[in-house]
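4 protein chains.
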Amino acid sequence: MGKAHSRALSALASLDVPLRPSLVSISGRTAEPLERARSQWGWAEAVTDWRDQVADDRVRLFDNAGPNAVHSEPTIAAARNGKHVLCEKPLATTASEAHSMWSEAEQAGVVHMTGFNYRFVPAVRLAREVLESGDLGEVVHFRARYLQSWGWDADEALWRCAPAQAGTGVIGDLGAHIVDLARYLVGELAVVSASLRTIVPERRVEDHFVATVEFENGVLGTLEASRVARGRANQNTFEINGSEGSLSFDAERLNELQLSDTKHFRRVLTTEPEHPFMRFWWPPGHIVGWGDTFTNELAHLLEAVAGEHAVAPHGATFEDGYRCAEVCDAIVRSAADGTRKSIDYRQKPLG
Amino acid sequence: MGKAHSRALSALASLDVPLRPSLVSISGRTAEPLERARSQWGWAEAVTDWRDQVADDRVRLFDNAGPNAVHSEPTIAAARNGKHVLCEKPLATTASEAHSMWSEAEQAGVVHMTGFNYRFVPAVRLAREVLESGDLGEVVHFRARYLQSWGWDADEALWRCAPAQAGTGVIGDLGAHIVDLARYLVGELAVVSASLRTIVPERRVEDHFVATVEFENGVLGTLEASRVARGRANQNTFEINGSEGSLSFDAERLNELQLSDTKHFRRVLTTEPEHPFMRFWWPPGHIVGWGDTFTNELAHLLEAVAGEHAVAPHGATFEDGYRCAEVCDAIVRSAADGTRKSIDYRQKPLG
Amino acid sequence: MGKAHSRALSALASLDVPLRPSLVSISGRTAEPLERARSQWGWAEAVTDWRDQVADDRVRLFDNAGPNAVHSEPTIAAARNGKHVLCEKPLATTASEAHSMWSEAEQAGVVHMTGFNYRFVPAVRLAREVLESGDLGEVVHFRARYLQSWGWDADEALWRCAPAQAGTGVIGDLGAHIVDLARYLVGELAVVSASLRTIVPERRVEDHFVATVEFENGVLGTLEASRVARGRANQNTFEINGSEGSLSFDAERLNELQLSDTKHFRRVLTTEPEHPFMRFWWPPGHIVGWGDTFTNELAHLLEAVAGEHAVAPHGATFEDGYRCAEVCDAIVRSAADGTRKSIDYRQKPLG
Amino acid sequence: MGKAHSRALSALASLDVPLRPSLVSISGRTAEPLERARSQWGWAEAVTDWRDQVADDRVRLFDNAGPNAVHSEPTIAAARNGKHVLCEKPLATTASEAHSMWSEAEQAGVVHMTGFNYRFVPAVRLAREVLESGDLGEVVHFRARYLQSWGWDADEALWRCAPAQAGTGVIGDLGAHIVDLARYLVGELAVVSASLRTIVPERRVEDHFVATVEFENGVLGTLEASRVARGRANQNTFEINGSEGSLSFDAERLNELQLSDTKHFRRVLTTEPEHPFMRFWWPPGHIVGWGDTFTNELAHLLEAVAGEHAVAPHGATFEDGYRCAEVCDAIVRSAADGTRKSIDYRQKPLG
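For the record, the sequence lines run as chains A, B, C and D. Residue numbers for the first sequence follow numbering that gives the first Met the number 0, beginning at 0 and rising by one. Residue numbers for the second sequence follow numbering that gives the first Met the number 0, beginning at 0 and rising by one. Residue numbers for the third sequence follow numbering that gives the first Met the number 0, beginning at 0 and rising by one. Residue numbers for the fourth sequence follow numbering that gives the first Met the number 0, beginning at 0 and rising by one.
Chain A extracted, bound-state conformation:
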């Protein structure tokens, strides 16, 4: 994540955005790999205590790409010091922690964004625009799954497999992405019924879950995520069926949106000049990569900081990060006792 964010920040230097980032300072716990990262990715200085950055007046944007367990404290501290904040997903290890982050950022009056980068895939943004246009009619079904396979061979020491650092396993890691896409594309989630498994016991965290969901608008859907699905390297895929047409997406073919009328799907290669974000990129048919979605995301954030638009609705705010966390918590609770759980967003909106 450090690499992806750092490169995207560098790439912004040659994009038409209202603010140009300057890479002031990078932090990390261990001096030696930190210095390597600093030098490699072009940061001016490196510090081993994030408090130095929070106290640093030159820092205007605090970008937290660390493990989940160190999301809330530094991010809240930075917001309190008036810095705009970007935090990787999942926003926190629990909904209540995420709620605090949202609450603090709002009170501080800073711009806040949760790093759901898939919202910045041109095909995903196009999906949202198509849904808003009404061309697909009324949405009736949603299904999403996010399958990877590295879990079979993962290093046990990886922080993503450590409950203390990651909170949950696949739920917060991959599940959070598809929960956010569900909310972004179809609407707020109301009810969830889930089961989970830890298939590779050494992993210590769940590596598979399945769920059925109901949206507040009545739509039924399914969610599934796995780290142990052989043959699937990064299949973040969803399909939405409406009364007049459907759409589907697969991150392994990131530049394509499948879009149907009542009968037939067409493959929209989202590389035309008029497609979302493509003003930053290449001629028709020349695809963007996964790393470029971070550039799109950061461009959106800089525009928000410059006052050109709000982070929402196309970027995920800390409120979105919190709401996603409520759904993830409900998945865990439902799996524990086998009953449907309403998601009540107990901590009500602030405003």
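Please note: incorrect hints may appear among the correct ones.
No distinction is drawn between identical chains; accordingly, a pair holds when it is met within one copy or between any pair of copies.
List of simulated lysine to aspartate or glutamate pairs, DMTMM-like, C-alpha gap at most 25 Å [stated by the list, open to error]: (1) Lys262 x Asp343; (2) Lys262 x Glu187; (3) Lys262 x Glu307; (4) Lys262 x Asp154; (5) Lys2 x Glu105; (6) Lys2 x Glu271; (7) Lys262 x Glu128; (8) Lys262 x Glu243.
For the record, the hints were derived by calculation from the structure and aren't laboratory data.
Assemble the complex: chain A is given as a structure, and chains B, C and D must be docked to it using the hints.
Then chains B, C and D, alone, in the frame of chain A:
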């Protein structure tokens, strides 16, 4: 279904099977369309009362392709009269009715088969063989969905939308197929948690359901079926992930099985001479159609009647029809009260 | 081919066609396999001399599915005796022989058809209809290739590899199909420039050719066929680009036509009731097989015999068989001396 | 091209390469857009005469991304001044001009590279490695086409459509790419037979060509390129068939290589850590974009400048640029008189 079965029976005449069918008699309620069907599909005679067929000594195989509500009575009567019986799916409108059919057929000592024709798709049979070979390791995930879209425009008078004739809607129609495939490929189902919708109210029966399932062997899975998924004409699709590889299938590309090692999927075009059932068909690359799966199914049944092998495990018996019905009933019950349901197969195996 | 034609003739018995075929007599050279074929495929009698059939008053349609070298003599004899004639492709081993067949059939006043079954694939007929509609604008490019791979492992004794029986190798076998499709879809061919290879020397006939072509309407195209393309079982594929849109087809996915507007391709699953030939077949999404294209072809022929329409333009007449043979001859001549060859159709139309 | 090169140079700053580029100076003809480019893409200064750069001692690498007609003079001048040179493809507007560039660069002893960036697509490099491994056996067929569709709507003033600036149209633009891939993957080309068209007359240069080719090793192939193929945004695709297997690639799915054994193709998603160039990029399944291929290309060039390896065989030298130009010239000559042309590489290798 009458057309598909009739043509398959005719096609059998030129296949290398141990028994050659003779099309003795077709029955139906209304004389005029019945006579047209008789003449068109090559049946020797037509009768408006199935009891005439049940009493007809020339009839050795009773093939019930009528609406769900008229599955049990004629089929049981035929079995009692010593006729081998083939009945379309779902076997009955309730599990208890299906259990009676199984019980009666067993007591009569006749060969019995439920018309789950997808077991006779070469790619599906190959999937089973691959799973049995152990090449995919231990199964960890299963997901299936069966999506059609005709429900938006269906004639309200259609028997498939009438509770009295169909029992359930999409559950017994499309859901039964994927429940049977789940059982055929992965094993017995133990627990289900489901929700359903009637999206087009005029339909009177549910046209969409989603479910999570647990198999007796611990595998988690998802099931979904819809008649109102725009852009999907007949997407009967499943994917199975194992510890060493995965496979997936889509009936819209009936002659293909996607088969992965730990990393990459390859498209197996199941038209090589060594592929299941292809001894009946064409040179490599020359595909079979949906209708041909009924020919494969009936060939399997005739071989069973001739004593060459049992209907099980590759054909679905009435026991399979009954067990599928228990799962369908559990889907309905779970959707009604929102709790997980164990499937207890209360009516125990007969023998 | 005997199997495919026999089964299609049987299948016609249950289709809505104006004439019902009766399988009078099958001929072959060797008594024992002939009798097996007769019994298996449901022919009333078998004869070892085709002259018996030509003299048989009961025979109204003479269907020649034998090796290329025995196409012309029996077919001409049958036509002279007033029988309607269907002959497999390539119509003959040379253009001049094909011209004689056309000429004789015309003089006899019988219905004549060359067995280019790909014209009876729903997606191919739809391609023609789309082109005629003008939706794609003016055609500018055509490319087709027909790749198989059995040539690596073929039995050397196979007639398809024997110059005496087959004439050419891959040119007459697979090349003829794509030449016919080129003519059916884009128009008459004017110029060809080709090269060929015999990659497996034991084959004795060429097993690969490539060609560039010009149509009379000025369109440029490419043709290629091979029997030794590993991984390609039956890839008969073409693409046509017009000024307003494009289409493409691949026989390995026989039920799909890819159809574009100026930007994006959509996958048309040609299984809707309104699609060509689907009145004979199944509900939406339930695909037809390769064998079913022969049923479509024979239905078309029977309708022509019954006077409902002419064989042309949707079926290939003997004129089409002849014109295709001229192109195949030109491919051979061009490959021999390395120059472009005009195709002059020296033998002018008869009428 | 300026944008793609500039961004790739910036991206190199955070890659593990032996030399870090510093963006000294950008040149262009018109001051105002030049200054915008300079500022946007992060160049230290801008000059309106390339001679200033050629004379600038700080410049060690001269990267020519201008129109074809201004490739040779500045590049030769830079090489003579001891600068390493990278020049976009096609290397020059004629083979003889390209030969001079190669000859001068060799005499100057500088590192020289032609910008065939598709060699730096991970899937293309993997294709080369698979071919070298012998897994596909002996190559028997090659086919490539490069289809775009912008030609229908192009601004007539575009330099790519002006003979004086571009030399040829689609031949040097898209054709050069597939000629280079043919040479990189299969071997030297010996004979070509081609036809061309100017379909949109306002374009003034040819916008479509087709060709058959023979390689020195005897393999036959086809080449085609078009700027007016509706529905194809950037379909740079090739397929190679060998005696033991095949491979195919399509730039619209840049991160995939289709790889077959004797029967079935598997989709290799070239995003595993061990895949070519992926040490620079992301986790499995997280794709790279078209722009990233320039980063790979420039990394390769910097490694060559640092003495880690030669540009060849994986990068294209000016010799490769020259040889490609000979093939392009032969395509033009063959199309002009309709005969096969041998490509004699009259200007022999220098060393």
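Here's how the hints hold up against the structure:
no.: 1; hint: Lys262 x Asp343; in the structure: neither (38 Å within a copy, 40 Å between copies)
no.: 2; hint: Lys262 x Glu187; in the structure: neither (28 Å within a copy, 34 Å between copies)
no.: 3; hint: Lys262 x Glu307; in the structure: neither (40 Å within a copy, 32 Å between copies)
no.: 4; hint: Lys262 x Asp154; in the structure: between (46 Å within a copy, 18 Å between copies)
no.: 5; hint: Lys2 x Glu105; in the structure: neither (28 Å within a copy, 39 Å between copies)
no.: 6; hint: Lys2 x Glu271; in the structure: between (28 Å within a copy, 17 Å between copies)
no.: 7; hint: Lys262 x Glu128; in the structure: both (20 Å within a copy, 18 Å between copies)
no.: 8; hint: Lys262 x Glu243; in the structure: both (9 Å within a copy, 21 Å between copies)
Violation of the numbered hints given earlier is confined to hints 1, 2, 3, 5; the remaining hints are satisfied by the structure.
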